[in-house]
Amino acid sequence: MRTIVIAAAAALLAGTAFADEQVIKLKPGPGLDKVENNCQACHTLAYIPMNSVYLNAAGWDAEVTKMIKAYGAPVDDEDAKAIKAYLTQNYGK
Amino acid sequence: MTTMDRRFFLGSTAAAGAAVLLPGLARAQNAASMLSPGVPDGIASYVTMGKLPGKQPLIQLADRPPNYESPLEYLQTPITPNDKFFVRYHLADIPEVKAEGFKIKIDGDGAATPFELTLDDLKKMPAVEFAAVNQCSGNRRGLSKPHVPGVEWGYGAMGCAKWKGARLKDVLAKAGMKKETVEVAFNGADGPVVDKTPDFIKSIPAWKAMDENTIIAYEMNGEPLPHFNGFPVRLVVPGWTGTYWMKHLVHVDVRTTPQGGFWMKPAYRVPVGMFPLRDRFITQEDATSTPITEIVVNSLITSHRDGAKVKAGKVTVSGLAWDGGYGINRVEVSTDGGKTWTDAKLGQDLGRFAFRPWSFDVNAKRGKTTVMVNATNAIGQTQVSKLLFNGAGYHNNVMQSITLTA
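As you go down the protein sequences, you meet chains G and F in turn. No gaps in the numbering here: position 32 of the first sequence is 32 in this note's numbering, and each next residue is one more. Just add 1000 to wherever you are in the second sequence, counting from 1, and you've got this note's numbering.
Same shape as in the complex, but just chain G (with noise of 0.2 Å):
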């Protein structure tokens, strides 16, 4: 019984986690309420400083161009470059 109870309470333990998604906090800025409008639909925010910092404004520029061109994401076109300039001032080099 003893086992029953405490594999139901990891699974309810993990079952949560799961649900409750890491809360990535970026660097406050110009353009960071467009980041968390348009970005997090798809995928967490943590792609973000996982890719930093390392790419330049021309990188971070085809990076946002590729999940709208290649990806679909729908993202309108000051809000991408909105999303660009937030990129490239707090994540890039």
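Fair warning: there could be bad hints in the mix.
[Unchecked claim] For the chain G half of the interface with chain F, some residues (derived, Cβ under 7 Å), not all of them:
#1 26
#2 49
#3 63
Bear in mind the hints are in silico, worked out from the structure with no lab data behind them. Bear in mind the structure is a predicted one, so any value in this text is a computation, not a measurement. Every residue gets a Cβ at the ideal spot worked out from N, C-alpha and C, and that includes glycine.
Fit chain F to the supplied structure of chain G, relying on the hints for placement.
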């Protein structure tokens, strides 16, 4: 949550919690110390040891879609346990697939007799089982110099398991595969969040589909596949990188034309001629790029991390070597920066597609000792001393070098 559930939860936290959860800070510090040297600095700012259901803590590079790497410590055996096996997804809409009612659809213009296959049907077919390395194409991408964008894997986007299943060629025979077939494409139950994102579909050449070692696997190390490794069935393409090993396989498309999706081109390509690969995928090749195919010969020290402190004297350094299925013939170690090499002792041979363990006794002097390793496969291919740079960060088999301090 029901009252009953809550009571179980609260009542058992003290008993189970200590084993399951580390305090957040400890988990983060722990994870940062488990990263491979050379990955982008930014990872350490958020990385944690993540706990997926059914898994031991893994290096959580991303939790949506789930991308979790095995730390070095999980790669000290030639067979990687299921709960320590890495997890890699492209797209975040991942259903929990049930065995009951599960079906694989086999059709396409190359299939004369399209049909559907249940899990029971598959298990009734002649079964084969073998050990094979499943290595993500992007394994070691994070070590690329310069860095290239993507999931920044260190050493641990790989594992080796015993896979059991039915041969794809037997399934294709039932579908009446036509002689005009050039490729067979695969889709899994997982999909994109946004409709416009290309679904993850991969194809292999007809000749590879007919290889007796290409199977639809329903067992991994003697157990059903973990959810995060493709339950209930995944394609196993031994020797080739993990991109072709479709998880949660639900559709087999027998094709008389090349598959034209994003994940075949421009994704998962390497420059033509850059790597000494035998297996070519001609129907997908163009003048400059070709699909990634077989795994390049490689090795990894798993007994010690770079910078490990040891006692002066005899230190046994051990690790793994593997390749695209020709088999490992030799592993050599150098303690003088590559000037002279001595053969390491090879361990148990679990088959040509498996990790080959090796070990070597180093005489560690006071101060620093470098240990460098190089594997050679049965067709004479060896690792490289300088990175063959490519934009996706694939096929990094630069000889690893670590420093031990006594």
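Outcome of the hint check:
With its C-beta approaching chain F no nearer than about 10 Å, residue 26 of chain G sits outside the 7 Å limit, and its interface hint is violated. Interface hint at residue 49 of chain G: satisfied, since its Cβ lies 4 Å from the closest Cβ of chain F, which is below the 7 Å cut-off. Checking residue 63 of chain G against chain F by beta carbon gives a least distance of about 6 Å; that is within 7 Å, so the hint holds.
Violated hints amount to a single one, hint 1; each of the other numbered hints is respected by the structure.
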